[in-house]
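**Student:** Sequence:
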Amino acid sequence: MESKWVVVIASSVIAFILKITGYIIPEKYLEKPTIKSITNYVPIVMLSALVIVQTFSQGQTLVFDARLLGLLIAFLLLLFRAPFIVVVIAAAFVSALFRYLFN
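Heads up: the sequence shown runs through residues -7 to 95, numbered per the working numbering.
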């Protein structure tokens, strides 16, 4: 068997084991305040990591371009409690305008 298939199968098994452990762990462990506070922050951390990677990387390189300006605009609008659709449209517009003017 080729090594890439071994990696694919091993990764699939590991992913399955990780997902099934959520059903196997007794509820008494999941109800602890420490575990609850940690699990409340997992989605925030994961989404933040995805945003950072998508904003500052292109392939294997670190970049600073119009995406950063769009992220800053979105951050500022969210601080002022703007509606989500306004945040998305404004960030996209500012990024596109910056790319148009400076590329």
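Hints were generated in silico from the structure; no laboratory data involved. Quick caveat, the model's predicted, so the values are computed rather than measured. Glycine included, C-beta positions come from ideal geometry on N, C-alpha and C. Fair warning: there could be bad hints in the mix.
To be verified - Pair ranges (Cβ atoms, derived): (1) S4 x L54: 28 to 34 Å; (2) V78 x V(-2): 44 to 50 Å; (3) F48 x I17: 42 to 48 Å; (4) K11 x L42: 32 to 38 Å; (5) E23 x V0: 32 to 38 Å; (6) T47 x T26: 30 to 36 Å; (7) A82 x V0: 40 to 46 Å; (8) A88 x V0: 36 to 42 Å; (9) T47 x L93: 16 to 22 Å.
What the hints assert, rightly or not - For lysine to any residue, the following SDA-like pairs were computed, each having C-alpha atoms within a straight-line distance of at most 20 Å: (10) K11 x P35; (11) K11 x Q46; (12) K11 x I27; (13) K(-4) x F8; (14) K11 x Y33; (15) K11 x N32; (16) K11 x L39; (17) K11 x K28; (18) K28 x P18; (19) K11 x S(-5); (20) K11 x T31; (21) K28 x I12; (22) K11 x L22; (23) K28 x T13; (24) K20 x I6; (25) K11 x V0; (26) K(-4) x I12; (27) K28 x V43; (28) K28 x G14; (29) K24 x G14; (30) K28 x I17; (31) K28 x Q46; (32) K24 x P35; (33) K11 x V37; (34) K28 x Y15; (35) K28 x V45; (36) K20 x N32; (37) K11 x I1; (38) K(-4) x A7; (39) K20 x T31.
**Student:** Hint by hint, note whether the structure agrees.
**Tutor:** Here is how each hint holds up against the structure:
The beta-carbon spacing between S4 and L54, approximately 31 Å, falls within the hinted interval of 28 to 34 Å. Range check, V78 to V(-2): Cβ separation about 49 Å, and the 44 to 50 Å hint holds. Between F48 and I17 the CB atoms are about 35 Å apart, so this pair departs from the stated range of 42 to 48 Å. Between K11 and L42, the C-beta spacing of about 19 Å breaks the proposed range 32 to 38 Å.
In this structure the supplied range 32 to 38 Å holds for E23 paired with V0, their Cβ-Cβ distance being about 36 Å. The given range of 30 to 36 Å is respected by T47 and T26, whose C-beta atoms sit roughly 32 Å from each other. Distance hint for A82 and V0: a CB-CB separation of about 41 Å, consistent with the stated range 40 to 46 Å. A C-beta distance of roughly 38 Å is found between A88 and V0, which places it inside the suggested range of 36 to 42 Å.
Taken as a hint, the range 16 to 22 Å holds for the pair T47 and L93, whose Cβ atoms sit roughly 19 Å apart. Taken as a hint, the K11 and P35 pair is honoured in the structure, with Cα atoms around 16 Å apart against an allowance of 20 Å. Simply put, K11 and Q46 have alpha-carbon atoms about 25 Å apart, too far for the 20 Å limit, and the pair is violated. Annotation: proposed proximity of K11 to I27 holds, straight-line Cα distance about 17 Å (limit 20 Å).
Taken as a hint, the K(-4) and F8 pair is honoured in the structure, with Cα atoms around 18 Å apart against an allowance of 20 Å. Between the alpha carbons of K11 and Y33 the distance comes to roughly 18 Å, so the proposed pair stays at or under 20 Å and holds. The straight-line distance between the Cα atoms of K11 and N32 is roughly 18 Å, inside the 20 Å bound, and the hint therefore holds. Between the alpha carbons of K11 and L39 the distance comes to roughly 19 Å, so the proposed pair stays at or under 20 Å and holds.
At most 20 Å may separate the alpha-carbon atoms for a hinted pair to count; K11 and K28 meet this at roughly 18 Å. Our distance criterion of 20 Å between C-alpha atoms is met by K28 and P18, whose separation comes to about 14 Å. For the given pair, K11 sits about 24 Å from S(-5) by alpha-carbon distance, which is inconsistent with the 20 Å threshold. With a C-alpha separation of about 15 Å, the suggested pair K11 and T31 falls inside the 20 Å cut-off, and the hint holds.
Note on K28 and I12: the hinted pairing holds, with a Cα-Cα distance of about 19 Å set against a maximum of 20 Å. With a C-alpha separation of about 15 Å, the suggested pair K11 and L22 falls inside the 20 Å cut-off, and the hint holds. This hinted pair checks out: K28 and T13 have alpha carbons roughly 16 Å apart, not beyond 20 Å. Restraint check: the Cα-Cα separation between K20 and I6 comes to about 25 Å, which exceeds 20 Å; the hinted pair is violated.
For the proposed pair K11 and V0, the alpha carbon gap of about 17 Å is at most 20 Å, so the pair holds. Distance restraint check for K(-4) and I12: the Cα-Cα separation of roughly 24 Å exceeds the 20 Å cut-off, and the hinted pair is therefore not satisfied. With a C-alpha separation of about 24 Å, the suggested pair K28 and V43 falls outside the 20 Å cut-off, and the hint is violated. Under the criterion of a C-alpha separation no larger than 20 Å, the hint pairing K28 with G14 is consistent with the structure, at around 14 Å.
Taking the CA atoms of K24 and G14, the gap is near 15 Å; set against the 20 Å cutoff, the hint holds. The straight-line distance between the Cα atoms of K28 and I17 is roughly 14 Å, inside the 20 Å bound, and the hint therefore holds. Among the hinted pairs, K28 with Q46 is inconsistent with the structure: their alpha-carbon atoms are about 29 Å apart, more than 20 Å. For the given pair, K24 sits about 19 Å from P35 by alpha-carbon distance, which is consistent with the 20 Å threshold.
Using a Cα cut-off of 20 Å, the hinted pair K11 and V37 holds, with the two alpha carbons roughly 19 Å apart. Between K28 and Y15, the direct Cα distance comes to roughly 16 Å. Compliance with the 20 Å bound is thereby established for this hinted pair. Of the supplied pair hints, the one linking K28 and V45 is violated, its CA atoms being roughly 27 Å apart against a limit of 20 Å. Restraint check for K20 and N32: satisfied, since their Cα atoms lie roughly 17 Å apart, inside the 20 Å limit.
As the CA atoms of K11 and I1 are separated by approximately 15 Å, the hinted pair is consistent with the 20 Å bound. For the hint pairing K(-4) with A7, the CA-to-CA distance comes to about 16 Å; that is within 20 Å, so the pair holds. The hinted pair formed by K20 and T31 meets the criterion: a straight-line CA distance of about 15 Å does not exceed 20 Å.
Hints 3, 4, 11, 19, 24, 26, 27, 31, 35, counting from the list given before, are not met by this structure.
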